[in-house]
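Peer 1: Taken in order, these protein sequences are the chains called A and S. Just so you know, we're using this note's numbering here: the first sequence kicks off at 1 and counts up by one. Just so you know, we're using this note's numbering here: the second sequence kicks off at 1 and counts up by one.
Just so you know, these hints were derived from the structure itself, not from any lab. Please note: incorrect hints may appear among the correct ones.
Stated by the list, open to error - Which residues of chain S face chain A? A partial, calculated answer using Cβ under 8 Å: (1) His7; (2) Pro120; (3) Val122; (4) Leu251; (5) Ile252; (6) Gln264.
Claimed, not checked - With beta-carbon atoms standing in for the labels, derived distance ranges: (7) S:Ser70 - A:Leu210: 46 to 54 Å; (8) S:Ala85 - A:Leu29: 53 to 61 Å; (9) A:Leu210 - S:Gly236: 28 to 36 Å; (10) A:Ala281 - S:Ile11: 32 to 40 Å.
Unchecked claim - Listed below are several chain A residues computed to face chain S (Cβ distance under 8 Å; list not exhaustive): (11) His45; (12) Ile48; (13) Ala97; (14) Val182; (15) Ala199; (16) Ile201; (17) Gly203; (18) Thr205; (19) Gln208; (20) Ala263; (21) Ser265; (22) Met267.
These numbers were taken from a predicted model, which means no experiment stands behind them. Cβ atoms here follow ideal geometry from the backbone N, Cα and C, with glycine treated the same way.
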Amino acid sequence: MTTASPSAAALRTAATPYLFLAPALLVTLAVVLVPVAQTVWMSLHDYILYRPQNVPFIGLGNFTRLLKDEVFWISLWNSAWWIVLVVGLQFALGLGAALLLNQSFWWRGLARSLIIIPWALPSVIIGLTWTWMYDFNVGVLNDLVLRLGLVDKPVPWLAQPTTSFYAIVLALVWQGFPFFAVTILAGLQTIGQELYEAADIDGATRFQRLRLVILPSIADVIMTALLLRTIWVANSLDVILVMTGGGPGYATHTLPLYAFLKAYSGMEFGYGSALALVLTALLLVVVFAYVRRAAKDLGR
Amino acid sequence: MIDRRSHLRRIVEVEIPVLLIVLFAIGPYAWMMITSIKPSAEISQWPVRYWPDQPTLQHYRDLLARTTFSGNMRDSFIVALGASALGLAVSIPAAYAFSRFSFAGRRLLMTQFLVINMFPIVLIIIPLFVLMRRFGLLDTHLGIVLGHSTFAIPFSIWMLTSYMNAIPRELDEAARIDGASRLQALRFVIMPVVMPGVVTTGIYIFVTSWNEYLFAMMLSGQSVRTVTVALQLFIGEFTVQWGLLTAGGTLIAIPVTILFLFVQKRLVSGLTSGAVKS
């Protein structure tokens, strides 16, 4: 039996971690990195799916076209407003829920479990359920607001531009607030009892306790959750796709949805790719902030 | 007296608000289930009838007998199982490398897995469709599994690395001194300890894959179609047959709700590790 030379053994030891990583790297290379490179390539071409023989290079043509595209600007502003509203409301409701669920009462365990349910559901079902509840003719929401006397005739929630956007925002807030509730609750549980007691001794009001003791202690958790959720909400398009498909008109168009519709229904892969890249570039700031926070743990 | 007052105060300040939030959380879900057991005549009744007069399972029977739904459930099951298996198989060794070795490019590679998890789906899905078509993987289980691995692999690597980091290094170092190879140390020392984390991660991938819609829609076709895609198609096909649709929704939702409730505690600790110091 021949023993390997010391340098060969050292080489093998050095190669070991890369061998362990190889399968994961290969698959991600094939299904993520190659497609992303292809998106960049397509964004520089006039690539239309049903015309595969004729794909002219047009440089930044797709991007200059986009600047003059009215729908792009509508989608961009919708996206911005959409992210602020959805993430803000999810956070507010999640924080409230977490603070309440951190109190002690006898059915707390049950409440904590039930509140998570919307998070577990697929977006198709979220879209379906809310579309059903918003139904103009026999929807339960119209029935409720009529009974409560808030309106005097049924509202076509999803069919009119003034309400459709906010109707979908509500569905998304419903879907996403449990994530905030659960993460913030996990953060609250790490606050030591002595901090509360110290605040009580100092005669802090409840609002002061929240602002000066609780919020600073969970600032890290809140920041991470906000960044993660912003990225997620900015990218998500499936609930809108199911509920309105972007309509009526362009009332519920967001940037990822517009990119997707251009590629999927319009078959304009080049233009759709350019839109997707613009979205990614805009998000990069948030992603960078999140990655820096998450990477703090890498050293350990 | 004081006791009773503080009790009352807790009900007003805590329990009633919690009750309202819980009602908001489960209301739409419950409404879907209630609709699914109403006879069609009661579904289209106005003003709305809140509780079914004559509950029925007719919609479920129709759904399973008249549509492709049971086949779609099978497809979803295969895809979700495949996504979990593929995700775990390639992520366990990768997480082990990240957790136990120091090597050039470690930080960069870990960051890369984090960043690709944040990519917009639209950035990947269009070329992935072209790619799958070229390799003949459209409308196959493998194609959708590969599509889902775009989120399953990065997610699993991060979760598993954080679980493995929580295991003391002395454990596998002792095994190494006893003559175990790296693979043996992973298999016989690390794996048994990290198993709960592996199960949590696997279940989470299963749920996410089962729930996923966009990849499944782009990559599926006539022969392989997951439940979410099928349900969305039913909306067009069986217009306003809400009984059928909500029955389908209920059948899709129940298994993942149970699985999710089962893993949520450990999931949160994995997701927020670092941010939440336990």
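Peer 1: Next step is simple, just say for each hint if it's right about the structure.
Peer 2: A quick look at each hint next to the structure:
1. His7: Violated, about 10 Å.
2. Pro120: Because about 4 Å separates Pro120 (chain S) from the closest Cβ in chain A, which is inside the 8 Å limit, the hint holds.
3. Val122: holds (4 Å)
4. Leu251: With a minimum Cβ separation of about 10 Å from chain A (threshold 8 Å), the hint on Leu251 (chain S) is violated.
5. Ile252: Since chain A brings a Cβ to about 6 Å from Ile252 (chain S), closer than 8 Å, the hint holds.
6. Gln264: Holds - the Cβ of Gln264 (chain S) comes within 8 Å of chain A, reaching about 6 Å at its closest.
7. S:Ser70 - A:Leu210: 46 to 54 Å: With Cβ atoms ~51 Å apart, the hint holds.
8. S:Ala85 - A:Leu29: 53 to 61 Å: violated (20 Å)
9. A:Leu210 - S:Gly236: 28 to 36 Å: For Leu210 (chain A) and Gly236 (chain S) the Cβ distance comes to about 48 Å; the hint is violated.
10. A:Ala281 - S:Ile11: 32 to 40 Å: About 51 Å separates the Cβ atoms of Ala281 (chain A) and Ile11 (chain S), which means 32 to 40 Å is violated.
11. His45: violated (12 Å)
12. Ile48: Ile48 (chain A) check fails; min Cβ-Cβ to chain S is 12 Å, beyond 8 Å.
13. Ala97: holds (5 Å)
14. Val182: Hint holds; Val182 (chain A) Cβ to chain S Cβ min 5 Å, cut 8 Å.
15. Ala199: violated (18 Å)
16. Ile201: Interface hint status for Ile201 (chain A): violated (19 Å vs cutoff 8 Å).
17. Gly203: violated (19 Å)
18. Thr205: violated (14 Å)
19. Gln208: violated (17 Å)
20. Ala263: Holds: closest Cβ of chain S sits about 5 Å from Ala263 (chain A), inside 8 Å.
21. Ser265: Result: violated, 12 Å to nearest chain S Cβ.
22. Met267: violated (10 Å)
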